[in-house]
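Chemist: If you read the protein sequences in the order shown, they are chains X and S.
Counting in this note's numbering, the first sequence runs without a single skipped number right up to 340 at its last residue.
Counting in this note's numbering, the second sequence runs without a single skipped number right up to 235 at its last residue.
Simulated from the structure, these hints should not be mistaken for lab results.
Using N, Cα and C, we set each Cβ at its ideal position, and we do this for glycine too.
Don't take each hint at face value.
[To be verified] Partial selection, computed: residues in chain S whose CB lies under 7 Å from chain X:
{"hint": "1", "residue": "Glu38"}
{"hint": "2", "residue": "Ile42"}
{"hint": "3", "residue": "Asn56"}
{"hint": "4", "residue": "Leu58"}
{"hint": "5", "residue": "Glu70"}
{"hint": "6", "residue": "Pro115"}
{"hint": "7", "residue": "Thr118"}
{"hint": "8", "residue": "Tyr119"}
{"hint": "9", "residue": "Leu163"}
{"hint": "10", "residue": "Asn175"}
[What the hints assert, rightly or not] Below, simulated DSS-like cross-link-like pairs (lysine-lysine); rule was C-alpha separation at most 30 Å, straight line:
{"hint": "11", "chain 1": "S", "residue 1": "Lys179", "chain 2": "S", "residue 2": "Lys189"}
{"hint": "12", "chain 1": "X", "residue 1": "Lys129", "chain 2": "X", "residue 2": "Lys157"}
{"hint": "13", "chain 1": "X", "residue 1": "Lys317", "chain 2": "X", "residue 2": "Lys56"}
{"hint": "14", "chain 1": "X", "residue 1": "Lys296", "chain 2": "X", "residue 2": "Lys38"}
{"hint": "15", "chain 1": "X", "residue 1": "Lys196", "chain 2": "X", "residue 2": "Lys154"}
{"hint": "16", "chain 1": "S", "residue 1": "Lys48", "chain 2": "X", "residue 2": "Lys123"}
{"hint": "17", "chain 1": "X", "residue 1": "Lys16", "chain 2": "S", "residue 2": "Lys30"}
{"hint": "18", "chain 1": "S", "residue 1": "Lys30", "chain 2": "X", "residue 2": "Lys78"}
{"hint": "19", "chain 1": "S", "residue 1": "Lys217", "chain 2": "X", "residue 2": "Lys9"}
{"hint": "20", "chain 1": "X", "residue 1": "Lys157", "chain 2": "X", "residue 2": "Lys56"}
{"hint": "21", "chain 1": "X", "residue 1": "Lys124", "chain 2": "S", "residue 2": "Lys48"}
{"hint": "22", "chain 1": "S", "residue 1": "Lys225", "chain 2": "X", "residue 2": "Lys9"}
{"hint": "23", "chain 1": "X", "residue 1": "Lys78", "chain 2": "S", "residue 2": "Lys67"}
{"hint": "24", "chain 1": "S", "residue 1": "Lys189", "chain 2": "X", "residue 2": "Lys68"}
{"hint": "25", "chain 1": "S", "residue 1": "Lys182", "chain 2": "S", "residue 2": "Lys30"}
{"hint": "26", "chain 1": "X", "residue 1": "Lys212", "chain 2": "X", "residue 2": "Lys68"}
{"hint": "27", "chain 1": "S", "residue 1": "Lys232", "chain 2": "X", "residue 2": "Lys56"}
{"hint": "28", "chain 1": "S", "residue 1": "Lys232", "chain 2": "X", "residue 2": "Lys12"}
{"hint": "29", "chain 1": "S", "residue 1": "Lys217", "chain 2": "X", "residue 2": "Lys68"}
{"hint": "30", "chain 1": "X", "residue 1": "Lys68", "chain 2": "X", "residue 2": "Lys106"}
{"hint": "31", "chain 1": "X", "residue 1": "Lys106", "chain 2": "X", "residue 2": "Lys78"}
{"hint": "32", "chain 1": "S", "residue 1": "Lys67", "chain 2": "X", "residue 2": "Lys123"}
{"hint": "33", "chain 1": "S", "residue 1": "Lys130", "chain 2": "S", "residue 2": "Lys217"}
{"hint": "34", "chain 1": "S", "residue 1": "Lys30", "chain 2": "S", "residue 2": "Lys225"}
{"hint": "35", "chain 1": "S", "residue 1": "Lys179", "chain 2": "X", "residue 2": "Lys68"}
{"hint": "36", "chain 1": "S", "residue 1": "Lys30", "chain 2": "X", "residue 2": "Lys106"}
{"hint": "37", "chain 1": "S", "residue 1": "Lys217", "chain 2": "X", "residue 2": "Lys337"}
{"hint": "38", "chain 1": "X", "residue 1": "Lys212", "chain 2": "X", "residue 2": "Lys154"}
{"hint": "39", "chain 1": "X", "residue 1": "Lys78", "chain 2": "S", "residue 2": "Lys62"}
{"hint": "40", "chain 1": "X", "residue 1": "Lys68", "chain 2": "X", "residue 2": "Lys78"}
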Amino acid sequence: MINNVYRLKSPKLFDKVYTEIDINSDIIARPTYLSICKADQRYYQGERESEILDEKLPMALIHEGIGKIIKDNSYEFKPGDNVIFIPNNPTDSDEYISSNYLKSSKFKGSSEDGFTSDLISFKKDRILKLPDNFNLETSAFLELVSVAIHGINKFKKIAHNKKDVLGVWGDGNMGFIVSLLLKNIFPDSKIIVFGKHFENLNRFSFVDEVYKINEIPENLAIDHGFECVGSAASQKAINQIINLSNPEATISLFGVSEYPVSINTRLILEKGLIFFGISRSEREDFIEVINLLNAKPEIISYLNNLITEVIEVRSLKDLTNAFEKDYKNSFGKTVLKWMI
Amino acid sequence: MIFAAILAGGSGSRMGNIEKPKQFLTLGSKPILIHTIEKFSIVNSFEKIIVLTPKNFLSHTKDLIKKYIEDSDNIVVIEGGNLRNDTIMNAIDYINDNFQIDDDSIIVSHDSVRPFVTYRIIEENIEFCKEYGACDTVIPATDTIVESNKDNKISAIPLRDNLYQGQTPQTFKINKLAKLYKNINDDDKNKLTDACKIFVLNNEDVYLVNGDVTNIKITYPYDLKVADAILKDQV
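Sequences and hints are given; from them, build the entire structure.
Modeler: Below is the structure:
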């Protein structure tokens, strides 16, 4: 069947193209609410290396989103059901490596077209039904929450049991979500957020303490650190985490940097620190997010506060305007009501 | 109840010397008609998708649907009429013969040669018709439209901001459409190129649904070249 796909052709330029999707796929769904991620912005603004842009574009952006079932050949959903899309698309499996990190896996808006299209075909295990009581606008960015859950689960497996003080670096969206989940999953731990912008830090009302990165009290130490800064600033953040970490701390890296980051390996060795990276989630992480939010609806109300703007997208011009507006916001999520 | 009527009654007389009606020509890997039917076949709200085709092509149309569309239980092929509105009325007769409809029942009529229609456009047609009783899919006119009544001279240049180009789907409450059609005299019936005009001639409102510039009608050989080009570009 002919399908309309809205691709980024070159930085700041979207174009409509036609592809064919198989009408007999497990599922055909239509996007309803999508959310712009920093990764999408890097393509849109042309901030990726030119070789990467040449290789990947034209490509439809956006890997955070929900939609409704249009046709279900798997008989597991009903037409009209609200569902969340899982952007990772495994083509292979491995006994040891999770499919969200397999090189062979495809990822929407990175190695294949993202969600900006009239319709999308899915394998039945690449979508999950959203509970009826979930706010659809907030659900648009639950993929980001699933990445946070994935990281926290990895942390649970790797970190030693002393978790009295957990430090989160970054006062943006990822820092907000990671610290919110940490407070709910480890209610007895002291959660401290370190950031650069006091206005942003004021939004973290649910954590125990917040500090500006240049006003940290002496003798403060953390048992484990979470870096949610990214970009060139991640170097300073990681080195500050290394400095403030107790021996044998784990340091979870969530922030994406386009640049090589120089870090104090001497102190890492001296303290025996453990670093690990998190970028993508899998089906089980999405299930866990849905279960967690069902059990603790107050988390949803905090997540609602992340939405800075809901923009109706009826044309490519609207899509362009949404990316421009999103770029100007230093904090929060831009949600697209997909009506094109 | 909601029905779709795919109007494939045309003989393709404007398609140059090609003998086959244009809806059966191949676009990409499939006949144009099949691309169009696929767009409607995924919409769950249709009780029946009625494909109206010239008498000589009834069997051919059925064969194509059987070949290309796996799940075709809710698709039926019937004979179209001589004129566009006769074809729609044939669909309404079929509906009345086979279903118990009420005043809220809807027919979504669509040109078989507009395969680039989107799910959004079909969905909004149904929504608007439920709310307002009739709707037409349009795009704002980009060219200046010039009116000439006689002698090869301009008689008027209407304000472009008020002009739109009609596309399809056109969607109506079935009973109302049938009733209004009966009100029109035969002379006017012969001049109807558009089902919405049945409402307009009866002073009834027709609401506008935003179409899409690429929801093109494949009428001339050039259109097929354009359609092939935009499809091949990416497939």
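Chemist: All the hints need checking, so say for each whether the structure fits it.
Modeler: Results for each hint:
The beta carbon of Glu38 (chain S) is positioned within 7 Å of a beta carbon in chain X (closest approach about 4 Å), and the interface hint is therefore held. Among the interface hints, the one on Ile42 (chain S) holds; its C-beta lies about 4 Å from the nearest C-beta in chain X, closer than the 7 Å criterion. Given hint, Asn56 (chain S) at the interface with chain X, is violated; its Cβ is 27 Å from that chain's nearest Cβ, farther than 7 Å. A distance limit of 7 Å between C-beta atoms decides the matter here; for Leu58 (chain S) the minimum to chain X is near 23 Å, and the interface restraint is violated.
Using the Cβ-Cβ criterion of 7 Å, the hint placing Glu70 (chain S) at the interface with chain X is satisfied: the shortest such distance is roughly 6 Å. Taking 7 Å as the C-beta cut-off, the interface hint given for Pro115 (chain S) holds, the closest approach to chain X being about 6 Å. Evaluation of the Thr118 (chain S) hint against chain X yields a held restraint, the C-beta minimum of about 5 Å falling below 7 Å. The interface hint given for Tyr119 (chain S) holds, since its Cβ lies 5 Å from the closest Cβ of chain X, which is under the 7 Å cut-off.
Because the closest C-beta pair between Leu163 (chain S) and chain X is about 19 Å apart, greater than 7 Å, the hint is violated. The restraint placing Asn175 (chain S) at the interface with chain X is violated, with a minimum CB-CB distance near 26 Å, outside the 7 Å limit. Of the pairs offered as hints, the one joining Lys179 (chain S) and Lys189 (chain S) holds, with about 14 Å between alpha carbons and a cut-off of 30 Å not exceeded. Between the alpha carbons of Lys129 (chain X) and Lys157 (chain X) the distance comes to roughly 28 Å, so the proposed pair stays at or under 30 Å and holds.
Our distance criterion of 30 Å between C-alpha atoms is met by Lys317 (chain X) and Lys56 (chain X), whose separation comes to about 22 Å. Only pairs whose Cα atoms come within 30 Å are accepted, and Lys296 (chain X) paired with Lys38 (chain X) is accepted, the gap being roughly 27 Å. Restraint check for Lys196 (chain X) and Lys154 (chain X): satisfied, since their Cα atoms lie roughly 27 Å apart, inside the 30 Å limit. Taken as a hint, the Lys48 (chain S) and Lys123 (chain X) pair is honoured in the structure, with Cα atoms around 27 Å apart against an allowance of 30 Å.
Under the criterion of a C-alpha separation no larger than 30 Å, the hint pairing Lys16 (chain X) with Lys30 (chain S) is consistent with the structure, at around 21 Å. As the CA atoms of Lys30 (chain S) and Lys78 (chain X) are separated by approximately 29 Å, the hinted pair is consistent with the 30 Å bound. For a cut-off of 30 Å, the pair hint linking Lys217 (chain S) to Lys9 (chain X) stands: about 26 Å separates their Cα positions. Between Lys157 (chain X) and Lys56 (chain X), the direct Cα distance comes to roughly 35 Å. Violation of the 30 Å bound is thereby established for this hinted pair.
Distance check on the hinted pair: Lys124 (chain X) and Lys48 (chain S) sit about 26 Å apart at the alpha-carbon level, within 30 Å; holds. Restraint check: the Cα-Cα separation between Lys225 (chain S) and Lys9 (chain X) comes to about 23 Å, which is no more than 30 Å; the hinted pair holds. Among the hinted pairs, Lys78 (chain X) with Lys67 (chain S) is consistent with the structure: their alpha-carbon atoms are about 26 Å apart, no more than 30 Å. Between Lys189 (chain S) and Lys68 (chain X), the direct Cα distance comes to roughly 42 Å. Violation of the 30 Å bound is thereby established for this hinted pair.
Proposed proximity of Lys182 (chain S) and Lys30 (chain S) is contradicted: the alpha carbons are some 38 Å apart, above 30 Å. Taking the CA atoms of Lys212 (chain X) and Lys68 (chain X), the gap is near 42 Å; set against the 30 Å cutoff, the hint is violated. Distance restraint check for Lys232 (chain S) and Lys56 (chain X): the Cα-Cα separation of roughly 20 Å lies within the 30 Å cut-off, and the hinted pair is therefore satisfied. Distance check on the hinted pair: Lys232 (chain S) and Lys12 (chain X) sit about 24 Å apart at the alpha-carbon level, within 30 Å; holds.
With a C-alpha separation of about 29 Å, the suggested pair Lys217 (chain S) and Lys68 (chain X) falls inside the 30 Å cut-off, and the hint holds. Proposed proximity of Lys68 (chain X) and Lys106 (chain X) is supported: the alpha carbons are some 22 Å apart, at most 30 Å. About 27 Å separates the Cα atoms of Lys106 (chain X) and Lys78 (chain X), which keeps this hinted pair within 30 Å; it holds. For the hint linking Lys67 (chain S) to Lys123 (chain X), the alpha-carbon distance of about 24 Å falls within 30 Å, and the restraint holds.
At roughly 26 Å between alpha-carbon atoms, Lys130 (chain S) and Lys217 (chain S) fall within 30 Å of each other, so this suggested pair holds. Between the alpha carbons of Lys30 (chain S) and Lys225 (chain S) the distance comes to roughly 15 Å, so the proposed pair stays at or under 30 Å and holds. Of the supplied pair hints, the one linking Lys179 (chain S) and Lys68 (chain X) is violated, its CA atoms being roughly 36 Å apart against a limit of 30 Å. Between Lys30 (chain S) and Lys106 (chain X), the direct Cα distance comes to roughly 28 Å. Compliance with the 30 Å bound is thereby established for this hinted pair.
Of the supplied pair hints, the one linking Lys217 (chain S) and Lys337 (chain X) holds, its CA atoms being roughly 29 Å apart against a limit of 30 Å. For the hint pairing Lys212 (chain X) with Lys154 (chain X), the CA-to-CA distance comes to about 27 Å; that is within 30 Å, so the pair holds. For the hint linking Lys78 (chain X) to Lys62 (chain S), the alpha-carbon distance of about 28 Å falls within 30 Å, and the restraint holds. In summary, the hint linking Lys68 (chain X) to Lys78 (chain X) is supported, as the alpha carbons are separated by about 9 Å, within the 30 Å threshold.
The structure fails to meet hints 3, 4, 9, 10, 20, 24, 25, 26, 35 from the earlier list, while all remaining hints are met.
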